[in-house]
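Peer 1: If you read the protein sequences in the order shown, they are chains W and Y.
Going by my numbering, the first sequence runs without a break in its numbering and finishes at 259.
Going by my numbering, the second sequence runs without a break in its numbering and finishes at 584.
If a hint is listed, it holds; no wrong ones were tucked in.
Below, computed lysine to any residue pairings styled on SDA-like, alpha-carbon distance capped at 20 Å:
no.	chain 1	residue 1	chain 2	residue 2
1	W	103	Y	384
2	Y	349	W	97
3	W	103	Y	347
4	W	103	Y	386
5	Y	349	W	102
6	W	103	Y	342
7	W	103	Y	377
8	Y	346	W	98
9	Y	346	W	97
10	W	103	Y	380
11	Y	349	W	5
12	Y	349	W	246
13	Y	346	W	246
14	Y	349	W	4
15	Y	267	W	253
16	Y	349	W	253
17	Y	354	W	102
18	Y	349	W	250
19	W	103	Y	349
20	W	103	Y	354
21	Y	354	W	105
22	Y	346	W	105
23	Y	354	W	104
24	W	103	Y	382
25	Y	354	W	98
26	Y	349	W	6
27	Y	346	W	254
Going by beta-carbon spacing under 8 Å, a handful of chain W positions derived as facing chain Y:
no.	residue
28	97
29	100
30	103
Read the hints as simulated data drawn from the structure, not as lab findings.
All C-beta atoms, glycine included, are put in the ideal place defined by N, C-alpha and C.
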Amino acid sequence: MIGSLRLYAAQSAAAIRTSFSDRGNFAIQVGGMLLNDVFFLTLWVLFFAGFRSIGGWGLSDMALLFGLTMSVVGVSGVFFGGYRDMAATLLRGELDALLTQPKGLISRLLVRESIATAWGDLAGAVFVLAVFAKLSWSDLPVLLLGIAAGTTVYVSAAISFASLAFWAAGARSFARDLTDFTLLFSSYPGSIYQGAVKAIAFTILPAGFVVLAPMGMVRHPSGETLGLVAFGAVLHAGIAAALFNLGLARYRRGASPSM
Amino acid sequence: MSAVITVKSLSKAYRYARRRGGFFEAFSPEHVIVEAVAGVDFEIGAGERVAIIGPNGAGKSTTLKMLSGILEPSSGEASVLGLTPWKQRKALAYKIGVVFGQRSQLWGELPARESFALLRHIYDQEAAPFAKRLGELTERFALADLLDQPVHRMSLGQRMRCEITASLLHGPNLLFLDEPTIGLDVTAKAAIRDFIREHARDHGQTVLLTSHDTRDIELVCDRVIVVNQGRIVVDQPTDQLRRRFLGRKIITFQSAGQGVSLDLPGVTRRASEAHATILEVDTRLTRVEQVIAAALADGGIEDVTIEDPPMEEVIAEIYASTHAA
Numbered sequence: 001m002i003g004s005l006r007l008y009a010a011q012s013a014a015a016i017r018t019s020f021s022d023r024g025n026f027a028i029q030v031g032g033m034l035l036n037d038v039f040f041l042t043l044w045v046l047f048f049a050g051f052r053s054i055g056g057w058g059l060s061d062m063a064l065l066f067g068l069t070m071s072v073v074g075v076s077g078v079f080f081g082g083y084r085d086m087a088a089t090l091l092r093g094e095l096d097a098l099l100t101q102p103k104g105l106i107s108r109l110l111v112r113e114s115i116a117t118a119w120g121d122l123a124g125a126v127f128v129l130a131v132f133a134k135l136s137w138s139d140l141p142v143l144l145l146g147i148a149a150g151t152t153v154y155v156s157a158a159i160s161f162a163s164l165a166f167w168a169a170g171a172r173s174f175a176r177d178l179t180d181f182t183l184l185f186s187s188y189p190g191s192i193y194q195g196a197v198k199a200i201a202f203t204i205l206p207a208g209f210v211v212l213a214p215m216g217m218v219r220h221p222s223g224e225t226l227g228l229v230a231f232g233a234v235l236h237a238g239i240a241a242a243l244f245n246l247g248l249a250r251y252r253r254g255a256s257p258s259m
Numbered sequence: 260m261s262a263v264i265t266v267k268s269l270s271k272a273y274r275y276a277r278r279r280g281g282f283f284e285a286f287s288p289e290h291v292i293v294e295a296v297a298g299v300d301f302e303i304g305a306g307e308r309v310a311i312i313g314p315n316g317a318g319k320s321t322t323l324k325m326l327s328g329i330l331e332p333s334s335g336e337a338s339v340l341g342l343t344p345w346k347q348r349k350a351l352a353y354k355i356g357v358v359f360g361q362r363s364q365l366w367g368e369l370p371a372r373e374s375f376a377l378l379r380h381i382y383d384q385e386a387a388p389f390a391k392r393l394g395e396l397t398e399r400f401a402l403a404d405l406l407d408q409p410v411h412r413m414s415l416g417q418r419m420r421c422e423i424t425a426s427l428l429h430g431p432n433l434l435f436l437d438e439p440t441i442g443l444d445v446t447a448k449a450a451i452r453d454f455i456r457e458h459a460r461d462h463g464q465t466v467l468l469t470s471h472d473t474r475d476i477e478l479v480c481d482r483v484i485v486v487n488q489g490r491i492v493v494d495q496p497t498d499q500l501r502r503r504f505l506g507r508k509i510i511t512f513q514s515a516g517q518g519v520s521l522d523l524p525g526v527t528r529r530a531s532e533a534h535a536t537i538l539e540v541d542t543r544l545t546r547v548e549q550v551i552a553a554a555l556a557d558g559g560i561e562d563v564t565i566e567d568p569p570m571e572e573v574i575a576e577i578y579a580s581t582h583a584a
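Use the sequences and the hints to build the structure in full.
Peer 2: Written out as structure tokens, the structure reads:
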């Protein structure tokens with residue numbers, strides 16, 4: 001276990017160094033993402049200046065939601081950046097080289113890239129959470145826990161979607177679309193989701209577990225909210241591992257599109 | 260010689276959905292089963308250098324993938340270094356090195372040195388022996404100037420030298436190479452072939468490679484397994500293969516004046532250059548010394564070269580004979 005963590009840390013450090021290697025490109029990507037986030041936030045600030053609240057949500061709630069979303073995307077992109085193109089990686093047959101090596105496949109696929117723009121999300125998240133979310137230092141542990149759980153669910157969902165590539169070549173773009181939808185659903189106040197849409201947001205697209213459940217835990221820490229967050233993380237990590245391994249077995253039988 | 264690889268009745272069939280014409284037929288595709296490897300048997304002993312050759316779709320890469328643990332067979336058995344590859348993939352990975360000519364195990368954006376360092380963690384290698392091995396390979400493969408260069412900026416030949424180095428850093432007993440010289444120029448191919456042959460010979464390493472390039476086989480391997488349509492057509496030492504399927508020699512006469520003209524049974528003239536006459540001799544009909552004696556009697560000969568026909572011709576002949584059968 002310690003050996004695996006050490007390997008992950010070494011690979012992650014290498015991937016991050018790679019994302020830094022072209023400094024001009026790195027600065028443009030990070031700056032661009034930061035601008036994008038600031039623009040998005042400004043819209044919400046202007047919106048709440050006019051309407052004060054939406055479905056019981058105020059600016060600080062929206063900032064917490066937005067900050068958590070950016071944190072999850074930032075942490076995922078920096079440390080697990082391979083999630084974004086995992087379906088394409090599988091379809092290109094790049095799993096073959098990894099299968100001839102003795103270490104875990106999912107971790108190797110996740111750590112193969114660190115996304116430069118994710119640093120922009122992380123920087124934006126720190127700013128938004130510190131300035132607008134009305135949090136105190138005592139909220140920090142539960143906030144970090146929420147980010148860790150949200151990241152687990154988001155990355156797990158991306159792995160599950162990418163695993164569709166073991167069955168269909170079309171999963172290359174479909175998986176990415178589903179991951180983007182999850183993020184989109186995560187970016188709006190939970191109060192606007194009702195009925196079937198809410199069910200989808202907590203199941204097929206686990207947007208509810210990416211941000212909304214962690215947000216509830218940050219605002220109202222309790223055994224119940226913590227349990228819900230932990231349940232979501234364990235459930236989606238389990239689904240991702242099961243789907244990936246099911247697909248891997250199919251790949252090794254030679255039944256996948258990339259074979 | 261103890262067997263490093265034992266393969267018994269190994270088969271692999273792929274099932275494809277073949278689309279049929281028409282709108283409604285698209286919803287009910289016809290399923291086709293293609294037998295990529297059809298019950299092959301062979302053994303490879305320690306220290307042998309063996310080539311699997313054959314046309315596209317013959318089952319070469321599929322066999323290699325099954326033996327390296329990537330693919331599960333449809334039926335049959337295989338033992339590689341005492342392990343069943345598809346059941347004990349991770350344990351086997353520590354003992355084998357694998358190089359795919361068209362896929363990389365290195366991190367493209369990273370300098371080769373960093374990729375090698377990561378491989379040390381992946382294979383749980385101690386720092387000191389790993390550094391020693393890297394030092395030896397760096398020297399042997401003249402990699403010193405490449406180590407700090409990102410892999411994606413290397414030429415294909417440089418990258419392949421790094422790929423092979425990467426596959427050897429954990430000291431495997433067995434090396435699998437899938438088309439290791441594909442796309443390389445003549446000089447790079449020669450460097451790769453020399454290295455594989457000499458490294459294997461010096462370390463008693465077993466090598467199994469697939470290739471389309473018959474020079475890889477001639478210059479690296481001492482045994483050839485020819486596959487066609489998933490079946491082994493020929494399994495022989497490289498020299499014997501040449502003799503069995505040839506019975507022919509290519510004799511080139513260099514002369515100052517006119518070319519050599521001989522009228523002997525089984526001797527045919529190939530496309531020749533000025534002052535060089537190239538003859539193909541069927542040695543079952545006329546012996547080589549008879550041809551040379553006749554040419555010398557004709558006069559004006561300055562030099563003589565006797566060669567076996569290129570492997571491409573050998574393979575073409577094998578295919579022709581098996582198809583005819």
